[in-house]
Amino acid sequence: MPREFDTFHRYWMDWDAKLRPLISRHQAQLLFPARLSESPKGGGGVDLSPSHPICIANAPQKAATDKRGPSHRNTLVIDGGFHLKPGVDAPYLVQGRCSLSIFSTTIRGDGGRDLFEIDAMHFDMEKADEPTAYHPIFHVQRDVDSRLDQAKLKWAVAELARTTADKISVERSPGLGTQHLRLPTPQMDLFAVLTAVVADFFCNGGDKDTKVKTQFGAVLKLLRHPSNAARNGFATRQLMGRADEIWPCPAAWYPESV
Numbered sequence: 001m002p003r004e005f006d007t008f009h010r011y012w013m014d015w016d017a018k019l020r021p022l023i024s025r026h027q028a029q030l031l032f033p034a035r036l037s038e039s040p041k042g043g044g045g046v047d048l049s050p051s052h053p054i055c056i057a058n059a060p061q062k063a064a065t066d067k068r069g070p071s072h073r074n075t076l077v078i079d080g081g082f083h084l085k086p087g088v089d090a091p092y093l094v095q096g097r098c099s100l101s102i103f104s105t106t107i108r109g110d111g112g113r114d115l116f117e118i119d120a121m122h123f124d125m126e127k128a129d130e131p132t133a134y135h136p137i138f139h140v141q142r143d144v145d146s147r148l149d150q151a152k153l154k155w156a157v158a159e160l161a162r163t164t165a166d167k168i169s170v171e172r173s174p175g176l177g178t179q180h181l182r183l184p185t186p187q188m189d190l191f192a193v194l195t196a197v198v199a200d201f202f203c204n205g206g207d208k209d210t211k212v213k214t215q216f217g218a219v220l221k222l223l224r225h226p227s228n229a230a231r232n233g234f235a236t237r238q239l240m241g242r243a244d245e246i247w248p249c250p251a252a253w254y255p256e257s258v
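Residue 80 in the working numbering sits at position 80 of the sequence shown, with consecutive numbering throughout.
It should be emphasised that the hints constitute simulated quantities derived from the structure, not laboratory data.
None of these values were measured; they are calculated from a predicted model.
Heads up, a few of these hints could be off.
[To be verified] Ranges between beta-carbon positions, derived for each pair:
(1) A196 - S169: 51 to 59 Å
(2) D166 - D129: 43 to 51 Å
(3) R142 - R20: 24 to 32 Å
(4) E171 - G217: 33 to 41 Å
(5) G109 - V88: 55 to 63 Å
(6) G43 - H135: 17 to 25 Å
(7) E38 - D14: 17 to 25 Å
(8) L176 - G43: 33 to 41 Å
(9) S39 - A251: 33 to 41 Å
(10) Y134 - R108: 41 to 49 Å
(11) S257 - G87: 24 to 32 Å
Backbone N, C-alpha and C define an ideal beta-carbon position, used for all residues, glycine too.
The task is simple: from the sequences and hints, build the whole structure.
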């Protein structure tokens, strides 16, 4: 990896340590990729993506539940990537992608797992210099992630289940939800989606354990850290510029607003 991106790679590895305490206290298991795969892009840029999807097994359906049985637990799969370019002082984000897939999970007698996709969404980021007409610059759509590598997904689930990939079956759900409705969002890159996942599935406002607030605060601090090159991007700057000129309502997310 070019030296310009070393800091971002180290920053990536910090996420495992911050996420794991919140996830493990709910008896869920996290498989977090130790490295980012690199693919060269034009102009000295690079596409960085996890070597396999981030996988959380035995995740509760919501944080405020004490139900521990398998029928009340899901497998969460987060995947995505970053297109970065070297800048004067630090790399900056050109474009990013992220998806969240949720699977109901049945544990078979042979130790295998049957996964059935019950919900899926992907978070998109338009190129600031090449916006698509009528698309919000940041948006989410309910739809199956066609780029999710099935073999890598099975491998990740098998690793957490301590079995082999041939004992993992995955049933996807193409056509899930209203695929063509793009809901404007803030910038939901892979780090932002991970933050939302631990907040909604693993942090309960009624929890009396004070460590939860401290641990989630550490996640937020990491998300805002200067080493997060994803927070420094063309699209974010363009949206901030639009919001200076018009009231920051969803209208600002569309290229036709200026």
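Here is what the structure says about each hint:
no.	hint	verdict
1	A196 - S169: 51 to 59 Å	violated, 28 Å
2	D166 - D129: 43 to 51 Å	holds, 45 Å
3	R142 - R20: 24 to 32 Å	holds, 29 Å
4	E171 - G217: 33 to 41 Å	holds, 38 Å
5	G109 - V88: 55 to 63 Å	holds, 59 Å
6	G43 - H135: 17 to 25 Å	holds, 23 Å
7	E38 - D14: 17 to 25 Å	holds, 19 Å
8	L176 - G43: 33 to 41 Å	holds, 36 Å
9	S39 - A251: 33 to 41 Å	holds, 35 Å
10	Y134 - R108: 41 to 49 Å	holds, 46 Å
11	S257 - G87: 24 to 32 Å	holds, 26 Å
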